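So the protein lines, in turn, are chains D and F. Residue numbers for the first sequence follow this note's numbering, beginning at 502 and rising by one. Residue numbers for the second sequence follow this note's numbering, beginning at 502 and rising by one.
To be clear, the hints were calculated from the coordinates, so they are not data collected in a lab. Remember, predicted model here, so these are calculated numbers, not experimental data. Hints should not be assumed to be uniformly reliable.
Identical chains share a label here; the pair holds if one copy fits it or two copies do between them.
[Said to hold, decoys possible] With a straight-line Cα cutoff of 25 angstroms, these simulated PhoX-like cross-link-like pairs (lysine-lysine) come out: (1) K612 <-> K622; (2) K612 <-> K590; (3) K585 <-> K622; (4) K585 <-> K612; (5) K622 <-> K590.
The primary structure of each chain is shown beneath.
Number of protein chains: 2
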Amino acid sequence: MGTEDETVSMMNAGIERMVPIAHQMGVRFVEVARGNVTAEVPAEGNTNHVGTVYAGVLFTVAEILGGAMAMASFDPARYYPIVKDLQIKFRRPAATAVRATTTLGEDAIAKAAADAERDGKADFVLDAELTDAAGTVVATSHGIYQLRAHGN
Amino acid sequence: MGTEDETVSMMNAGIERMVPIAHQMGVRFVEVARGNVTAEVPAEGNTNHVGTVYAGVLFTVAEILGGAMAMASFDPARYYPIVKDLQIKFRRPAATAVRATTTLGEDAIAKAAADAERDGKADFVLDAELTDAAGTVVATSHGIYQLRAHGN
C-alpha cells in the first residue's frame with residue numbers, strides 16, 4: 502500500500518507539472534495501480550451554462566486515466582502514452598465531484614507490452630465510467646491510447 | 502458585420518461568465534453566425550506531458566462550438582443546448598494556437614427547429630475540424646447536441 506500511495510502522489514505531482522490546466526481543474530488521482538486507475542475532479546470552478554460540471558472537465562478526468570494507466574502498467578522508462586481517439590457519452594448532469602475509473606486486464610496489458618516490444622508502439626483501449634457523489638453514472642468514455650517508445 | 506461582431510463579443514463574455522474553465526484556457530470565439538462557428542485557443546498554459554496542446558483543451562475548443570451554434574442558429578429565448586456525445590480523433594500533435602470550425606446547413610437547422618417546436622427538444626450533429634497555425638488538421642470531432650426548451 503505504501504508503494505501505491507507513492508505512485509498516486511507522484512502522478513498527482515505529474516499532473517501539476519505536465520498538464521497544468523488539468524491541475525487547475527483540480528483533477529487528482531485517487532488510485533493508480535497496475536490495471537486500475539481512478540481520478541476525481543471537484544464541481545467547484547468547473548461548471549457550465551446550466552450549473553453542472555462542464556463537458557470538457559468530464560472529458561479531462563476520463564482522458565487522464567490513460568496516462569496513469571500507461572505509467573502504472575507498462576515501463577515508463579521505455580514508453581510514453583498518447584491518446585488517439587476518445588468518445589464520451591454524457592448520461593446525466595453532474596452537480597457534485599466526479600470520479601472516473603477504469604481497468605485494464607492482465608491479458609490486455611500483456612498484449613500491449615508484447616506489441617510495444619516488437620513494434621516500438623502499441624495501442625490499448627480503456628473504457629471508463631464517471632460517477633457523481635451519489636454513485637450515479639454521469640458519463641462513460643471509450644478511449645484508444647498508444648504507447649510509444651521514447652525517441653520514436 | 503456589426504451584428505456578427507456583437508454576437509462574437511456576447512458569446513465571449515458568455516464563456517467567461519458561464520464556462521470559467523474554458524475562459525481560463527483562453528478559448529474565444531472568432532466567428533459566430535447562423536450555421537457557422539469558429540473558436541480558437543492558445544497553446545500557452547494548455548500543454549501536456551509531451552509539450553503539445555492537451556487533449557482536454559482540444560476537446561473544449563471543439564465542444565464549445567455547439568453552444569454558440571445553438572445560440573446563433575436557433576432561438577435562445579426558447580431553447581438551451583446540451584452536449585450528449587462527442588468523439589474526438591487526434592490526428593497530429595498541436596504546438597501552436599488551434600482553431601476549431603464547424604458548419605450546420607440550412608436543412609439541418611430547419612429540421613432541428615421543427616423537431617424542437619414539436620417535441621420541446623431536438624438533436625443536431627456537428628462535425629468540427631481543428632487546425633494549427635499552419636493549417637494542419639490536428640483533430641476532428643463529431644458531436645451530438647440537443648436543444649431543449651427552457652423549463653424542460
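Hint-by-hint comparison with the structure:
When the C-alpha separation of K612 and K622 is checked against a cutoff of 25 angstroms, the pair qualifies only within one copy, where the shortest distance is 12 angstroms, while the shortest distance between copies is 45 angstroms. For the homomeric pair K612 and K590, the shortest alpha-carbon distance between copies (23 angstroms) is at most 25 angstroms, but the shortest distance inside one copy (27 angstroms) is not. Taking the closest pair of Cα atoms, K585 and K622 come within 25 angstroms of each other only inside a single copy of the chain (12 angstroms); across copies the shortest separation is 33 angstroms, beyond that limit. For the homomeric pair K585 and K612, the shortest alpha-carbon distance inside one copy (18 angstroms) is at most 25 angstroms, but the shortest distance between copies (33 angstroms) is not.
Only between protomers do K622 and K590 lie at most 25 angstroms apart by alpha-carbon distance; the minimum there is 18 angstroms, versus 28 angstroms within a single protomer.
When the structure is compared with the earlier hints, no violation turns up for any of them.
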